[in-house]
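Hints in hand, dock the two standalone chains.
One-letter residues, chain by chain:
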Amino acid sequence: MPDLQSEIRQFIVESFLFGQDDPGLGNADSLLENGVIDSTGVLELVGFLEERFRIQVADRELVPENLDSVERISTYVRGKLDGAGA
Amino acid sequence: MLLHSFLAVSAARWPRKTVLVAGETRADYASYQRDCHRMSHALLALGVERGDRVAVFLDNTYEAAVAILGSLGAGAAFMVLNPTTKPDKLAFVLEDSAARVLVTDGRKLAGLASLAARTPHLARILVLDPPPAAGEPWGGRVADWRELLAAAGPAPGPPAVALGPDDLAALIYTSGSTGNPKGVVMTHRNMVAAATSITTYLENRPDDVVLGTLPLSFDYGLYQLLMTLRFGGTLVLERSFAFPAAVLGKIETEKVTGFPIVPTMVAILLQMDLAAYDLSSLRYVTNTAAALPVSHIRRLRELLPGVRMFSMYGLTECKRVSYLPPDQIDIRPSSVGIAIPGTEVWVEGEDGRRAPPGVVGELVVRGPHVMQGYWRRPAETAAIVREAPAPEQRSLRTGDLFRTDEEGYLYFVGRKDDIIKSRGEKVSPREIENVLHDLDGVVEAAVIGEPDEVLGQSILAFVVVRPDSGLTARDVRRHCAARLEDYMVPQTVELRDALPRNSSGKIDKLVLRAERAKGR
Numbered sequence: 177m178p179d180l181q182s183e184i185r186q187f188i189v190e191s192f193l194f195g196q197d198d199p200g201l202g203n204a205d206s207l208l209e210n211g212v213i214d215s216t217g218v219l220e221l222v223g224f225l226e227e228r229f230r231i232q233v234a235d236r237e238l239v240p241e242n243l244d245s246v247e248r249i250s251t252y253v254r255g256k257l258d259g260a261g262a
Numbered sequence: 002m003l004l005h006s007f008l009a010v011s012a013a014r015w016p017r018k019t020v021l022v023a024g025e026t027r028a029d030y031a032s033y034q035r036d037c038h039r040m041s042h043a044l045l046a047l048g049v050e051r052g053d054r055v056a057v058f059l060d061n062t063y064e065a066a067v068a069i070l071g072s073l074g075a076g077a078a079f080m081v082l083n084p085t086t087k088p089d090k091l092a093f094v095l096e097d098s099a100a101r102v103l104v105t106d107g108r109k110l111a112g113l114a115s116l117a118a119r120t121p122h123l124a125r126i127l128v129l130d131p132p133p134a135a136g137e138p139w140g141g142r143v144a145d146w147r148e149l150l151a152a153a154g155p156a157p158g159p160p161a162v163a164l165g166p167d168d169l170a171a172l173i174y175t176s177g178s179t180g181n182p183k184g185v186v187m188t189h190r191n192m193v194a195a196a197t198s199i200t201t202y203l204e205n206r207p208d209d210v211v212l213g214t215l216p217l218s219f220d221y222g223l224y225q226l227l228m229t230l231r232f233g234g235t236l237v238l239e240r241s242f243a244f245p246a247a248v249l250g251k252i253e254t255e256k257v258t259g260f261p262i263v264p265t266m267v268a269i270l271l272q273m274d275l276a277a278y279d280l281s282s283l284r285y286v287t288n289t290a291a292a293l294p295v296s297h298i299r300r301l302r303e304l305l306p307g308v309r310m311f312s313m314y315g316l317t318e319c320k321r322v323s324y325l326p327p328d329q330i331d332i333r334p335s336s337v338g339i340a341i342p343g344t345e346v347w348v349e350g351e352d353g354r355r356a357p358p359g360v361v362g363e364l365v366v367r368g369p370h371v372m373q374g375y376w377r378r379p380a381e382t383a384a385i386v387r388e389a390p391a392p393e394q395r396s397l398r399t400g401d402l403f404r405t406d407e408e409g410y411l412y413f414v415g416r417k418d419d420i421i422k423s424r425g426e427k428v429s430p431r432e433i434e435n436v437l438h439d440l441d442g443v444v445e446a447a448v449i450g451e452p453d454e455v456l457g458q459s460i461l462a463f464v465v466v467r468p469d470s471g472l473t474a475r476d477v478r479r480h481c482a483a484r485l486e487d488y489m490v491p492q493t494v495e496l497r498d499a500l501p502r503n504s505s506g507k508i509d510k511l512v513l514r515a516e517r518a519k520g521r
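Chains as they are written, first to last, in our numbering: chain A, 177 to 262; chain B, 2 to 521.
Bound-form chain B, shown alone (with noise of 0.2 angstroms):
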């Protein structure tokens, strides 16, 4: 089974059903497989061959629906990268990917001009709605993307292409603890694998309306895609969550029926009045990425009542870990349940052996979702991922420290590193640090997380500058905007004489947490 045989089938079941309502956008199942064999088929022409990566630097849009599913008919692997990345990031990415095209919008494009010289991996760069003279700087590289989706053809089948379950299907760029983001390696039995078991356990139906607004670069946001071909359901995708009342009428218009969120957004509903709204075609709500507070469950359950709730966990590197079966919510609300379908998980403990309920240990993951590895970096693979003869038997640890209970089900209890996590994203200190400390003035800097009612976690960056810099909070802040993806900019800029030592000479991340603890 392949990736885009879930679009196949779908397609072939129920061409006039609306697989995808994006914008002003509304389209059914035999259009939208029509686009994507034009897109697989304008690829081919440029000379995509089978594993080349394709990446893609859109909003939340069916444009960017179409490249996902139009690579992996081409035989190519797809990367959706965050619409927010700014170009010193993108550079890097692109070229540790060496991805051969990029697929992104005219308006995007005139912010990249700096990156043209830096990625002579990229081949061709198609855009939606390029200005005039948008190719000046890339030589040639750029082209029309609806040029070249109706040079086509009106409706050409599915190129033939030589594909198989273990070919790579897609990368998706995560945060690391070393600083610079690595690249997940998902093959289609990968995907296929965790698509199904999730839909299995949230016993999705073909009259299912989802309404996506995280974004398709973030594994929970794609997936919500993924699923619905798979089911042939209906995704309704919106840009963002920026607009809560313009999301919750999207409820009320297109009869969504599954909510997927993340404890930022429910922190905003929260602030709603949630009555107003006629949510009653609402069957089920997931929440994942971060932990929801169990007054906030407490609460969504009071004003949705009759609405299942699924807790879940899990991490880019396999794509879901656990659910908590919806009958359980009540019963031990801060628990992120059980194994999700066809896959096994434990608590290991210092010795290597499997922990006894209530023993604090890593969580192991193993099943036909564990990736490959890290994009072309086999010492940070075999650090986590346990080789094994059969696919499914491939196990991966998860750098997360859990418990269970009794019964068995799972207790997340903190990171083995200092990973944030904000808006429910994986953020690096490291990462942020580095980009500080690219500041002309900055003489060192230290970044740590602390609790955020909204944001789950907050951003808070220690900076020494040099006297004579003249550097303010805001400029450090700026700086910081310029060069990461919204989620990771520092709410707070604490600028400081000095940064606590440890007896090892480093930075004392403790004390400075400790400081920030007694203030508030």
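One chain only, chain A, in its complex shape (with noise of 0.2 angstroms):
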């Protein structure tokens, strides 16, 4: 689902990286370890998640292994998207 996987890079894009690309930051690239997100940064992800996709983020989802890169958060969301029967 390329769609879902720009939509995602582009907001953060526009809420990490003020609007300007980071060619070297690959879809696959961890946003923490290149100081691309931090706490307050993961928080504001997930209320922008939860707000475009209208899906539930719960406390235990909370982890690198959903959020930690463009492709880990398209398909942690494609996973809740198609869990809720669509």
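Keep in mind the hints are simulated off the structure, nothing from the lab. Don't take every hint at face value.
Label pairs and their in silico Cβ distance ranges [said to hold, decoys possible]:
no.	chain 1	residue 1	chain 2	residue 2	range
1	B	46	A	204	35 to 41 angstroms
2	B	416	A	257	44 to 50 angstroms
3	B	416	A	198	43 to 49 angstroms
4	A	200	B	409	55 to 61 angstroms
5	B	469	A	241	46 to 52 angstroms
6	B	134	A	241	53 to 59 angstroms
7	A	196	B	390	53 to 59 angstroms
Treat the numbers as computed from the prediction; the structure is a model and nothing was measured. A virtual CB, placed ideally from N, CA and C, is assigned to each residue, including glycine.
Rendered as structure tokens:
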């Protein structure tokens, strides 16, 4: 679902890279290790995902496996949307 | 006693005990000590001498912990730099300290090519996982860290190095009101005294497992490592608090007993359902860097009823000043307590005399933990450190206003200068203003702190730009993010046509603050 991925990337570029995309940041790269996102950034990201995709992010899901790269976020969101039985 | 004696003593006593859990790495005392010895030998082989500075520019990793203790073992002093430090600031700190060696990783080195020509003092850069051709701009100064450690042999003993308690152990860079960061000079004696005092009142035991989520560049994060080595415990080192659920999961799986926090972390934790986690292993929680709101203290006490809570206060210049004994937290929750063991504190009035209870004055600290001074800044040192014949009698003006109650417990009132505390870290408005003025098109700028539920204080920049510059608030924030550590980047940039001035012609921050307060 490339649209989902590009939308998430766009949000990250707008919110954390001040509108300037970093071509060196791959969609599989860690947002944390590359200094893109920190603890308050994660909360901002979750707020966006919940509002935009109408999903609920449980506390237990606030882990790097779900949220630490554009690809992981897309996979996680897609899983939530499918799981909702749409 | 030397700072790295903590490791030697604990490793001799508990060689097979786990000392560090960092990412995928689990190390026992014996293997950690072996790696530290190899690091010491590697540094000595590079020509590092007693008192030389070794800069550690790494995330919270096992390798960072090896670099710190390995530097000490070589007779050098370490300085841990925040991993989000940008090249210009890094160049300043490396030159200010005249660091001889930089330890970093391949990913970070890639962003530092512009420093090669600006760091003549830097003799060597030890790189963890260097990319191919990493050394190109550096003219032969780059070396592969793992290769150097391997060359030190599989299990070398500690190198013989002449060193005493008054030798330099660390420089810890902190924000100053003048805008440029200053290196706080700490000897082995200073740091041994601070770590000993703190572990005494926390009543740390060898079975304590401490969760370190704060950066090792921050003295609060650094001391978790040093103190753990002292009491022979285990440190679970996390890169950050960015994924709170993962961190809480570590408390469950590693059976964490000690959890050091700052108010920003508490604000995030209180938004989560803590009851869903098994936090029964926790024995104590500590807070410092900024005051916790009393409402947050109360909620934490309800959520973690059996956990001892320590409200503390300190500053890098002496590490820690005071702690509130946990049996007082429900009686006087807004107090930061009494002097840490082995030290003395008092509130001093404008007349230089000790102020009676209830009267506000500057807090002064005396003891063996007081820094030697700011690195190569004698005037700024003399302004706040009072020398004395014996090391434990030197005293320090904190720059913080306090009062005491009738029973002598301390209460923080405010800062004497306009330093901002955001996410528990000190932020100098001047340092941000200097960066703002470097942006072409900026005419003037003023930075203030504002109360913020999560950050403690958020950072707000008022900026006047040349009309033809076309600069937007986002352009200004992007400029800041490329030059300042993450915690210093203003959350809000407000463009203005002009800034208010006071009668002496200076930008009037009181007016700016009053306008914002009215808008809230």
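Outcome of the hint check:
no., hint, verdict
1, B:46 to A:204: 35 to 41 angstroms, "holds (38 angstroms)"
2, B:416 to A:257: 44 to 50 angstroms, "holds (49 angstroms)"
3, B:416 to A:198: 43 to 49 angstroms, "violated (37 angstroms)"
4, A:200 to B:409: 55 to 61 angstroms, "holds (56 angstroms)"
5, B:469 to A:241: 46 to 52 angstroms, "holds (49 angstroms)"
6, B:134 to A:241: 53 to 59 angstroms, "violated (33 angstroms)"
7, A:196 to B:390: 53 to 59 angstroms, "holds (57 angstroms)"
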